[in-house]
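Undergrad: Read top to bottom, the protein sequences are chains A, B and C.
For the first sequence, the numbering used here begins at 35 and goes up steadily by one.
For the second sequence, the numbering used here begins at 6 and goes up steadily by one.
For the third sequence, the numbering used here begins at 7 and goes up steadily by one.
Worth flagging that the hints you see were computed from the coordinates, not collected in a lab.
It should be emphasised that the depicted structure is a prediction, and the values quoted were computed from it without experimental measurement.
Careful: at least some of the hints might be erroneous.
[Unchecked claim] So the derived label-pair ranges between C-beta atoms look like this: (1) I146/C <-> Y93/A: 28 to 34 Å; (2) Q245/B <-> K310/A: 50 to 56 Å; (3) N22/B <-> L182/A: 42 to 48 Å; (4) L125/A <-> N22/B: 25 to 31 Å; (5) V98/A <-> I146/C: 40 to 46 Å; (6) L125/A <-> W96/C: 40 to 46 Å; (7) K87/B <-> V290/A: 37 to 43 Å; (8) G124/A <-> E141/B: 30 to 36 Å; (9) R323/C <-> S128/B: 31 to 37 Å; (10) W23/C <-> S128/B: 18 to 24 Å; (11) W96/C <-> G124/A: 40 to 46 Å; (12) A145/C <-> G124/A: 44 to 50 Å.
[Claimed, not checked] Take a look, some chain C residues computed to stay more than 10 Å from chain B by CB distance: (13) K24; (14) V105; (15) S160; (16) T193; (17) A209.
A virtual CB, placed ideally from N, CA and C, is assigned to each residue, including glycine.
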Amino acid sequence: MIFQLVIGGTATGAIYALMAMGFSLLWQTSQTINFAQGEFVAAAAFIMLIFYDSLNLPYVLSLVLTIVVAVGILGIIFRKVVIERLIKTGLLSVICATIAVSIMVRNSLIFYTAESMAFPSIVSKEAIPLLTIRLSPLDVLNIALAALVIMALQLFIRKTKPGKALQAVAQNRDVAEVLGIDVGRMTTLAFAINAVIVTFAAILVAPVYAAKYNMGLALGLRAFYAAIIGGFNQTRGALIGGLLIGYIEVFTIAYVTSQYSEVVILLIVIGVILFKPEGIWGTKEVWSREL
Amino acid sequence: MPMEMQPVLKIQDLRKNFYGLRALDGVDMELREKELLGLMGPNGSGKSTLLNCMTGVLSTTGGRVYHRSRDITGWKSSSIYKLGIARTFQLVQLFPEMTVLDNMVGAIQESRGTMFGRLFRFSEEWEKAKAQEILEFLKIDHVKNNLAKNLSYGQQKLVDLGMVLMADPSVVLLDEPLAGVNPTLGREIIGHILELVKVKCCTVLIIEHNAKIMLDICDRIVVLNEGRKIAEGHPDAIKQNPEVLKAYFGA
Amino acid sequence: MRVSKNTALRSFLAKAWKFAAIAAVLLIIPRFLGIYTIYVYSWLLVYLIAAYGLNLILGYAGQISLAQAAFMGIGAYVVAILVTRGISFWIALPIGAVVSFGIGLILGFPALKVKHHYLAMVTIGFNFIMYKLFENQEAITGGYYGIFDITRPSIGALRFESDLAYARVIAMIALVMVIIMYWILNTRWGRAFKMIRENEVRAQIVGVDIRAYKLIVFAIGSAYAGVAGGLLAPLLGYIEPTLFELTISFDFLLMVLIGGRGRFEGPLIGVVVVILLPEFLRITNQANLLIFSVIAVVVLLVAPEGGASLWDWVFKRLTGENPPSLTK
Numbered sequence: 035m036i037f038q039l040v041i042g043g044t045a046t047g048a049i050y051a052l053m054a055m056g057f058s059l060l061w062q063t064s065q066t067i068n069f070a071q072g073e074f075v076a077a078a079a080f081i082m083l084i085f086y087d088s089l090n091l092p093y094v095l096s097l098v099l100t101i102v103v104a105v106g107i108l109g110i111i112f113r114k115v116v117i118e119r120l121i122k123t124g125l126l127s128v129i130c131a132t133i134a135v136s137i138m139v140r141n142s143l144i145f146y147t148a149e150s151m152a153f154p155s156i157v158s159k160e161a162i163p164l165l166t167i168r169l170s171p172l173d174v175l176n177i178a179l180a181a182l183v184i185m186a187l188q189l190f191i192r193k194t195k196p197g198k199a200l201q202a203v204a205q206n207r208d209v210a211e212v213l214g215i216d217v218g219r220m221t222t223l224a225f226a227i228n229a230v231i232v233t234f235a236a237i238l239v240a241p242v243y244a245a246k247y248n249m250g251l252a253l254g255l256r257a258f259y260a261a262i263i264g265g266f267n268q269t270r271g272a273l274i275g276g277l278l279i280g281y282i283e284v285f286t287i288a289y290v291t292s293q294y295s296e297v298v299i300l301l302i303v304i305g306v307i308l309f310k311p312e313g314i315w316g317t318k319e320v321w322s323r324e325l
Numbered sequence: 006m007p008m009e010m011q012p013v014l015k016i017q018d019l020r021k022n023f024y025g026l027r028a029l030d031g032v033d034m035e036l037r038e039k040e041l042l043g044l045m046g047p048n049g050s051g052k053s054t055l056l057n058c059m060t061g062v063l064s065t066t067g068g069r070v071y072h073r074s075r076d077i078t079g080w081k082s083s084s085i086y087k088l089g090i091a092r093t094f095q096l097v098q099l100f101p102e103m104t105v106l107d108n109m110v111g112a113i114q115e116s117r118g119t120m121f122g123r124l125f126r127f128s129e130e131w132e133k134a135k136a137q138e139i140l141e142f143l144k145i146d147h148v149k150n151n152l153a154k155n156l157s158y159g160q161q162k163l164v165d166l167g168m169v170l171m172a173d174p175s176v177v178l179l180d181e182p183l184a185g186v187n188p189t190l191g192r193e194i195i196g197h198i199l200e201l202v203k204v205k206c207c208t209v210l211i212i213e214h215n216a217k218i219m220l221d222i223c224d225r226i227v228v229l230n231e232g233r234k235i236a237e238g239h240p241d242a243i244k245q246n247p248e249v250l251k252a253y254f255g256a
Numbered sequence: 007m008r009v010s011k012n013t014a015l016r017s018f019l020a021k022a023w024k025f026a027a028i029a030a031v032l033l034i035i036p037r038f039l040g041i042y043t044i045y046v047y048s049w050l051l052v053y054l055i056a057a058y059g060l061n062l063i064l065g066y067a068g069q070i071s072l073a074q075a076a077f078m079g080i081g082a083y084v085v086a087i088l089v090t091r092g093i094s095f096w097i098a099l100p101i102g103a104v105v106s107f108g109i110g111l112i113l114g115f116p117a118l119k120v121k122h123h124y125l126a127m128v129t130i131g132f133n134f135i136m137y138k139l140f141e142n143q144e145a146i147t148g149g150y151y152g153i154f155d156i157t158r159p160s161i162g163a164l165r166f167e168s169d170l171a172y173a174r175v176i177a178m179i180a181l182v183m184v185i186i187m188y189w190i191l192n193t194r195w196g197r198a199f200k201m202i203r204e205n206e207v208r209a210q211i212v213g214v215d216i217r218a219y220k221l222i223v224f225a226i227g228s229a230y231a232g233v234a235g236g237l238l239a240p241l242l243g244y245i246e247p248t249l250f251e252l253t254i255s256f257d258f259l260l261m262v263l264i265g266g267r268g269r270f271e272g273p274l275i276g277v278v279v280v281i282l283l284p285e286f287l288r289i290t291n292q293a294n295l296l297i298f299s300v301i302a303v304v305v306l307l308v309a310p311e312g313g314a315s316l317w318d319w320v321f322k323r324l325t326g327e328n329p330p331s332l333t334k
């Protein structure tokens, strides 16, 4: 039973971890808090459905096209039109704008359909009995795929040239600029990567929970919790935070009341905010107000 | 020590560490009554840090700060402000979306009266008159109803100075008042500073990079390098001090 | 000093005329509205109060609160519970306001420690937790189904039972709340709030007690939402948890953004757009929210001052001068 919960928690947590890492990437490279992260996942899920269901394209092709569209709209256009303009006005404006964008996305999805849409799954959703436990292939796939994406991301950041440049920008924007790195392009790259991440998160979460216009809110909040608990400014923190939230969620539903399970998570999040705002694995932000 | 000889501000063995970096490494300094003291030193020598520690903006890692005979080490910046010690900022710190007049009145509205009393304060004639007077003194009263963010950089610097003057401070600490300012405006500002010392009898400390001007107008100079004081004295002596030359030009 | 007291008094009297005129208009309008429109009118005024509360917190003091809906809920449930147990509305409403004030004060404490997205998160958390409490504490709140049979107020023999009468009650209370807000913002408190919003570090240096002002702003802003909720309960005659969920807090944010944060006319513009537009367009709720959110984003990108700046632009075009600001 516990093992089953751990698998379930890891699978759920992996999705939150993915989303939180994208979140953290945007924060580190451009001081953007994307309140619409959850809605982006929902949008990606629906875009995928358009290609797969309505246009009847094969799964992999749909996925590729979704990634392209996501990068275009949720990555580049979002960055150029919304974020770039508002970043100079201050974080508060960015937050307000991304909240408005999230409402915008959520309510435009409903025009496609207000119903819950079944989402294609690569593997069967039936649990396979293995020894004494029932293993869900979907959970296993989630964990495997998420791990793959995360590893690919880490490889990209560490080994490739643009990846290293991105890392430089994330750590110290001004120094990176002095070193000749095109900070603007790197930021766009970060937004593009986030778009890819949310697309993968979408294909992982939608088969389990179905795609509905309001799926984004809960997901987005979870990613936020994960980033807060784990630490915004360290991708490692976001990863661990995501997994933690997954476990807490699964275990509180199983052992404590399911009605108040989110409350438990929230209290932990608020506790972290008030007592260790940089997150358990994050580093203290130097709010540079040069006087 | 007789009253007149007691320094207005005294810093004893002041230390400040930033994550292991020793920004201030045991600095002793005095600011004497009614003098114009210049604080100089190459970039990164700790001048602004010293000012920030003195005014409660940064916490100190060691040492003490005295105002006359009172130990004000670790005091909050608002308390230090209420003692009559005011400062300007290297990067102008105004309230951008408020008018210049609002900026000026805002600078002193909290220094008197109670929180609750402020809810019932309807007339601000006195404060506005005073702001008008200072703005005229600084020759920028024509922009008094403009939003602070719409002013030119030079005008903003003057407003910054004006806000400081609203509080009738006895000690004024200026952090690079001439930075980014054209020579004409710079001369004006120097004129105002000299008036402050000679006419209004304030004690003034300036941090500035422009060595020529500093050596010209200051009564005394203190030179910092790498968080330590390396020279102190009359400008003529400083001019020839080998340590100072080495710090600036690497001999 | 005596001279200035007289001028202050004179300017107050001059304004009193305007307030009386506005009051008269507000009382007369519902007379000519149909049953449904009176309802919209009342709803608009109720939301207006809560929006003014949020504008104070977000627009003037620069603190983010996504918990206005929760405070509406607190005010609503307090009034609902007390009124259904026989206590007069006129006592229940102030109690609701005081309770909201107190809890808002508590919510202000996190605002002292954290900012921006962290504060947003805490307020979101608070809203969510309150919602869950409303939903699950059946004994007190009626749980999922809420509370019914909330009667409308009366003074002695005078009963404000009808939609028309109660609309007028709401209108008068709303006017009083707006006048109080106008007063607060035009005193030194208003300037202190702005100083905190504009440059907190400098504000602190010149002696602004940041802690006290932030707490007050949260307390007052939340109390406003509480009053709105208290008025809502008898308006609908019933209340239930979904009226106060997180998305409603987001709606309030949209209203303040569309109207313009930190502008006195902002909430009025924002609420009118958000509540009246759907009535004219007569489309589904989701489409409305889509339009508002698009408007909000466009406003933020193009005219950060909000709809109020659009009015500025029109005024300037017509008269060639800058319009007078309603607050300092």
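Undergrad: Now, for every hint given, state plainly whether the structure supports it.
TA: Verification of the hints:
1. I146/C <-> Y93/A: 28 to 34 Å: 51 Å, violated
2. Q245/B <-> K310/A: 50 to 56 Å: 54 Å, holds
3. N22/B <-> L182/A: 42 to 48 Å: This hint holds: roughly 44 Å between Cβ atoms.
4. L125/A <-> N22/B: 25 to 31 Å: 29 Å, holds
5. V98/A <-> I146/C: 40 to 46 Å: 54 Å, violated
6. L125/A <-> W96/C: 40 to 46 Å: Between L125/A and W96/C, where Cβ atoms are some 43 Å apart, the hint holds.
7. K87/B <-> V290/A: 37 to 43 Å: Cβ of K87/B to Cβ of V290/A: about 52 Å, so the range 37 to 43 Å is violated.
8. G124/A <-> E141/B: 30 to 36 Å: 34 Å, holds
9. R323/C <-> S128/B: 31 to 37 Å: 35 Å, holds
10. W23/C <-> S128/B: 18 to 24 Å: 21 Å, holds
11. W96/C <-> G124/A: 40 to 46 Å: For G124/A against W96/C, whose Cβ atoms are near 43 Å apart, the range 40 to 46 Å holds.
12. A145/C <-> G124/A: 44 to 50 Å: This hint holds: roughly 45 Å between Cβ atoms.
13. K24: 17 Å, holds
14. V105: For V105/C, whose nearest Cβ neighbour in chain B is about 22 Å away, the distance exceeds 10 Å, so it holds.
15. S160: Label holds. Min Cβ-Cβ 33 Å, cutoff 10 Å.
16. T193: 5 Å, violated
17. A209: Non-interface label on A209/C violated, nearest chain B Cβ at 8 Å vs cutoff 10 Å.
Of the hints listed earlier, those the structure fails to meet are numbers 1, 5, 7, 16, 17, in rising order.
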